[in-house]
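Please work from the sequences and hints to get the whole structure.
Protein chains: 4
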Amino acid sequence: MNSIDKLTEIFSKFPGIGPRQAKRFVYYILSRNGSFSSELVTAVENLKKEITQCAECQRFFVYPERSRGAKLCSICADDTRDSSMLMLVPRDIDLEAVERSGGYKGYYFVLGGVVPILEKEPEKKIRINKLQETISKRKNLKEVILAMNANADGEHTADYIKEQLSTAYQGKALAFSILGRGLSTGIELEYADPETLKNAFLHRTK
Amino acid sequence: MNSIDKLTEIFSKFPGIGPRQAKRFVYYILSRNGSFSSELVTAVENLKKEITQCAECQRFFVYPERSRGAKLCSICADDTRDSSMLMLVPRDIDLEAVERSGGYKGYYFVLGGVVPILEKEPEKKIRINKLQETISKRKNLKEVILAMNANADGEHTADYIKEQLSTAYQGKALAFSILGRGLSTGIELEYADPETLKNAFLHRTK
Amino acid sequence: MNSIDKLTEIFSKFPGIGPRQAKRFVYYILSRNGSFSSELVTAVENLKKEITQCAECQRFFVYPERSRGAKLCSICADDTRDSSMLMLVPRDIDLEAVERSGGYKGYYFVLGGVVPILEKEPEKKIRINKLQETISKRKNLKEVILAMNANADGEHTADYIKEQLSTAYQGKALAFSILGRGLSTGIELEYADPETLKNAFLHRTK
Amino acid sequence: MNSIDKLTEIFSKFPGIGPRQAKRFVYYILSRNGSFSSELVTAVENLKKEITQCAECQRFFVYPERSRGAKLCSICADDTRDSSMLMLVPRDIDLEAVERSGGYKGYYFVLGGVVPILEKEPEKKIRINKLQETISKRKNLKEVILAMNANADGEHTADYIKEQLSTAYQGKALAFSILGRGLSTGIELEYADPETLKNAFLHRTK
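Chains as they are written, first to last, in the numbering used here: chain S, 12 to 217; chain V, 12 to 217; chain X, 12 to 217; chain R, 12 to 217.
Hint data in this document are derived by calculation from the structure and do not stem from the laboratory.
Incorrect hints may appear among the rest.
Identical copies go unnamed one by one, so any copy, or any two together, can satisfy a pair.
Computed cross-link-like contacts, DSS-like style, restricted to lysine-lysine with a CA-CA straight-line distance of at most 30 Å [stated by the list, open to error]:
| no. | residue 1 | residue 2 |
| --- | --- | --- |
| 1 | Lys217 | Lys60 |
| 2 | Lys60 | Lys24 |
| 3 | Lys150 | Lys217 |
| 4 | Lys116 | Lys209 |
Structural data, given as structure tokens:
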């Protein structure tokens, strides 16, 4: 395979990118001068060098000095946060979205994906073993918030996790919660589904 | 103007219909046999005959026997509902959506529209006078739920109504509430805005 | 069925309209005052009164004085047009589009639809008998232009018509042509299919 | 800037990619194991090594043995093609699309872009000097085919090139042509613009 086809193949694996757009990316790199592709190579190489995975929440973060002790991200290293709450999110980008919203002050755990309905090997789709380890270590933990996408796969992932954790922590008083349903910004009443409307009424604010 | 152009003009006023689609409607009627257009004419004529506007909530409803007393729709005529709550909705179709969701058991008032931002004559856009009348008559009323679309015009309409009603009912203990924000069905965390995420966390359910 | 449901059902049959939008149309009519629905009724009634179908090309047109002789539309009545050419179009609206483009000066015939692939009763989908009559009467006719949509159903309709007419007019020297393929306005080379590009090159203009 | 932000910035420059999707690409790379990013780095490095730009048509192509003589792509090196025709295309990907269509057997020149309307430095947007060199060297050249996208920028680019070449080759008998307009695959008559319909009729095929 020549290098145009090879790079097209790699870009085709990027989320949301088909073979046609992947090829446009390759031609875009070709059309730029040599320093652009050098910059790209350097940035990809630095990514693996500078970024490490948090030993606690499993998110990726910039870790400039690798030598010093435990690899904790800034959130997990912050002991002023509320240790009674752990929010489970599918991906790094979801953690960032919740953190940006400013409402939550507990800790996180990044599952690394979702468990689709009918998935035969759910334990390969999310970090369920790491999650069980994390929970067993967190002594003050009282509430696990299942922050899933509001769709069928999200609900299925929540069900799977609850089932796995319930059997493991039967004795422990561990509460599970899910994110509240209601009107997302931009939604019109006419197009909202019954569950959304029901919850929007239930969670009305004065 | 000939009748093709005239009818095209009328259909162009229908919500979401441009001149091109309006013309397709006209040609569709022409392509059907005569009984189709007779059916259409009869249905439009019956609409105005059979339908009346509820004296209370202002929604349109089928009212077979015009002669009998007050014109109340089935919801306003149902005195087992919770008279302490009045939900304000922009349109008939929104009332139907909320009612179908099954969670709300109070009464409604249909505003007949929204007040867009920068609107100079807001009192012509919604039934604000009728609303004030209705509220002054409802002795048990404790909570007015502003069920608006989750967008800028919706928020502006809510602000306008609160302002109008506050000055009128200063003495009365009238609570205002708005529908809860949260994850609408189908929303992914990554694409949810900060306010939605904040409220989804706040309104999490166990 | 009440009149809201009845009228919703009728509007649902309009091209491109689903039940939800149909209902919005009904509520729109209700929200307008009485004169709007009267206008609508009058326009629909006038449509059937004023409009007639051209005895030649089968299109619908405004025919103010019904009494006088043959019912011909302005195009078919215009004997300065080129009688050697007959363009077959699926619908009235297609005839209007071609006529507006200004390039064609022959006569038309409106088929009244298309013949979808796998259609079992093609003779019920288009006016094939009327077409055969029309062609047998047109003595100077030399070319039949099959002006179909550039999709699979369009090609199938063209094939069906050619087959039907060929057996009927075997003796007659009747040429068939189809509209030229090439770049439609707005198309980018990258997204054009091979056939379009091939024809765009073949039909290049100097 | 850390390496996540840096790589996000680079991916944001890719055609059609915004900052949000660029970040998803970065996290995708992070979520894959180390061999994926090594593969990506190797493919980008090979791209610049293996690919060279054709000295004639300016397209990028795989050139395994750099040492041997003139750097010509397989099309420009093929002397059985028709040297009387030169087709100008905006980008490599357009050349590929035309070549795949199989109808054209002359040579190509890749402009490297388009000249947008109101562009102040058109000579920086396309390889106009290289084009003039190429044309002055091609002794048998009779026709220059301006294969532009069927939009305003495409037309403007064609106008700019014709103007530039006309002054330079006034003596020479050089014909310019543009790709034929007509119905692109998938287009319906009703939605075709007048120019497209006019040309579709003009270029009808028997």
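How would you label the pair Lys60, Lys24 (within, between, both, or neither) given a Cα cut-off of 30 Å? both (22 Å within a copy, 23 Å between copies)
Could you place Lys150 and Lys217 in one of the four classes (within, between, both, neither) given a Cα distance threshold of 30 Å? between (36 Å within a copy, 20 Å between copies)
Is it within, between, both, or neither for Lys116 and Lys209, if the alpha carbons may be no more than 30 Å apart? For Lys116 and Lys209, the Cα distance is within 30 Å both inside one copy (28 Å) and across copies (11 Å).
How would you label the pair Lys217, Lys60 (within, between, both, or neither) given a Cα cut-off of 30 Å? For Lys217 and Lys60, the Cα distance exceeds 30 Å both inside one copy (50 Å) and across copies (41 Å).
Going down the numbered hints, you'll see the structure goes against just number 1.
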